[in-house]
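Colleague: Given next are the chains, with one letter for each unit.
Number of protein chains: 2
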Amino acid sequence: MSNQFKFTVLGSGSALPKKDRFQAAHLLEVHNKLFLIDCGEGMQIQAFRLKYSLNRLGHIFISHLHADHCLGLIGLISSLGMTGHYTNIEIHSAPELEKLLKPQLDFFCQELGFEVIFHPFNPRKKEIIFEDRTLIVKTLPLKHRVPTCGFIFEEKPKERHLIPEMIDAFNIPIKERALIKKGKDFITEEGEIIENKRLTKEPSPSKKFVYCSDTAFLPKIVPDVENADCLFHEATFLEEETLRAKKTYHSTAKQAATIALEGNVKKLIIGHFSSRYPSIDPIVDEAKSIFPYTIAAKDGLQICF
Amino acid sequence: MSNQFKFTVLGSGSALPKKDRFQAAHLLEVHNKLFLIDCGEGMQIQAFRLKYSLNRLGHIFISHLHADHCLGLIGLISSLGMTGHYTNIEIHSAPELEKLLKPQLDFFCQELGFEVIFHPFNPRKKEIIFEDRTLIVKTLPLKHRVPTCGFIFEEKPKERHLIPEMIDAFNIPIKERALIKKGKDFITEEGEIIENKRLTKEPSPSKKFVYCSDTAFLPKIVPDVENADCLFHEATFLEEETLRAKKTYHSTAKQAATIALEGNVKKLIIGHFSSRYPSIDPIVDEAKSIFPYTIAAKDGLQICF
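Sequences listed follow chains X and S, in order.
According to numbering that gives the first Met the number 0, the first sequence is numbered sequentially starting from 0.
According to numbering that gives the first Met the number 0, the second sequence is numbered sequentially starting from 0.
The reader is advised that the hints may include incorrect statements.
Since the list can't tell identical chains apart, any single copy or any two copies may satisfy a pair.
[Claimed, not checked] Simulated pairs of lysine-lysine, DSSO-like, Cα-Cα distance not exceeding 27 Å:
no., residue 1, residue 2
1, Lys17, Lys32
2, Lys32, Lys18
3, Lys297, Lys18
4, Lys297, Lys17
5, Lys206, Lys124
6, Lys246, Lys5
7, Lys32, Lys265
8, Lys50, Lys297
9, Lys124, Lys219
10, Lys5, Lys18
11, Lys17, Lys50
12, Lys287, Lys142
13, Lys5, Lys17
14, Lys18, Lys50
FYI, nobody ran anything at the bench for these hints, they're computed from the structure.
Since we're looking at a predicted model, the values are computed, not measured.
Please model the complete structure; the sequences and the hints are all you need to start from.
Modeller: As structure tokens, this is what we get:
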């Protein structure tokens, strides 16, 4: 099982697509599971282009119900149905989505080899919306024109690493090892207590990825993004458009970088660029002037961490 | 006013898009009016890519209600709303479409500067669904898994051309000329009847374009496509897949070419290619072996006639 997170940008544009920037859609691969974050129109086309197999896709997280973040869902599900997909598709979103999609699902997506299951969340509160053996996904309420949530993907605390030489030296039976990985001390047949820290090494740190789009500048999320290995934050506008950003509840590049800096994240990916900019270089420069480890999203970009 | 028809392929693929073939969508420009024929997912992206201005778009014709022919509508309308479009969008389709789109239109496409008007047609009968001063659009019922219509775009009979020398010789007043263009004779002040054919030349022939997708082989449409200046006919499969074509109610390249040949059309465009073919060369070769003037659709292709 790979320990890396792999984040793939399928669409780095915003409300209006451009020829080289589709609308918001991102894949996140964690522990061999594949998650989709937002699903703008043409998401399936981008996946085909990047030859990205969607076999393992199960859970989809929709940040908010604007057209550019969810209109690709029906086409995706329809095509998955035609390509023999069999994993259930579970959609996490604000509650209204089910009512909006259901008529089209019933009409266009008959005879699917899987179920489409809706998991509504309350976009106004923080909650755990997905959990498996190794990963937790939480919502992070943002500030946009409609109820919107970011998502925090966080590995659960990992087990300690056994030190093979010590395990051999104390001849520790296999059945004991699972508990020792969890931090338990070992007691020898003679009753001697061997402290766990002699037998194990610190586990690798748990990874954290935070996705924030779309949102106005929202400094109160800094504690939530804190120490993230990677933060995706929208940067629709340049700082010179602060007023427009405020009015439309979007962020500027400088604001995105400020969140990254104050949150002490390891790297920042900015995206959701307004179609008004012929080049995004000034946006990236602006963010880098605040937070140097900034990467600009572009369609097809893959980042591992 | 241009007398040419300009047909643009935005999507030449079929049910599953490929990296270079979006789903079905086509623009037809006639007499400075812009029509959209089918609207698969990503249609708006292709229009942006081709820098095709949609300002003049008013009428949309949807052949049938399969996902790959209509899922681009909401995204298109949403984006038109954001770009200040003000011409009403009138959608001609089978009746169910309105009920399928309405909830999403109401939710995602608020504050449009234009109305979205649905004109349902009965896909089982031939009828005139659009008419203006110079053009008529008629439905052409096809044979597919769901009710499906092709569309016939036909110029109305044109006016005769005045022969300037004769108009001068008989000193025909301007107010008489409109009637003479329509075929009326001229009576001089002395009461002499000047036959129309001495004053005018034959009008240019009226042009005709026929769109047939999706459909099983349907020889009974030959009289409807007869003498068309251009026929678009789907050619999803190769002849070696005749059984699959029959089962899925699609056509082979040979069948499409046979319709073109028997209908004595001037040129044939084939499209809607199955994603199973790595190259469409064999499909084109097969069609050309029956009907030499065959052109293969590809995304971005523009044909004037």
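Colleague: What are the numbers of the hints that this structure violates, sorted from low to high?
Modeller: 6
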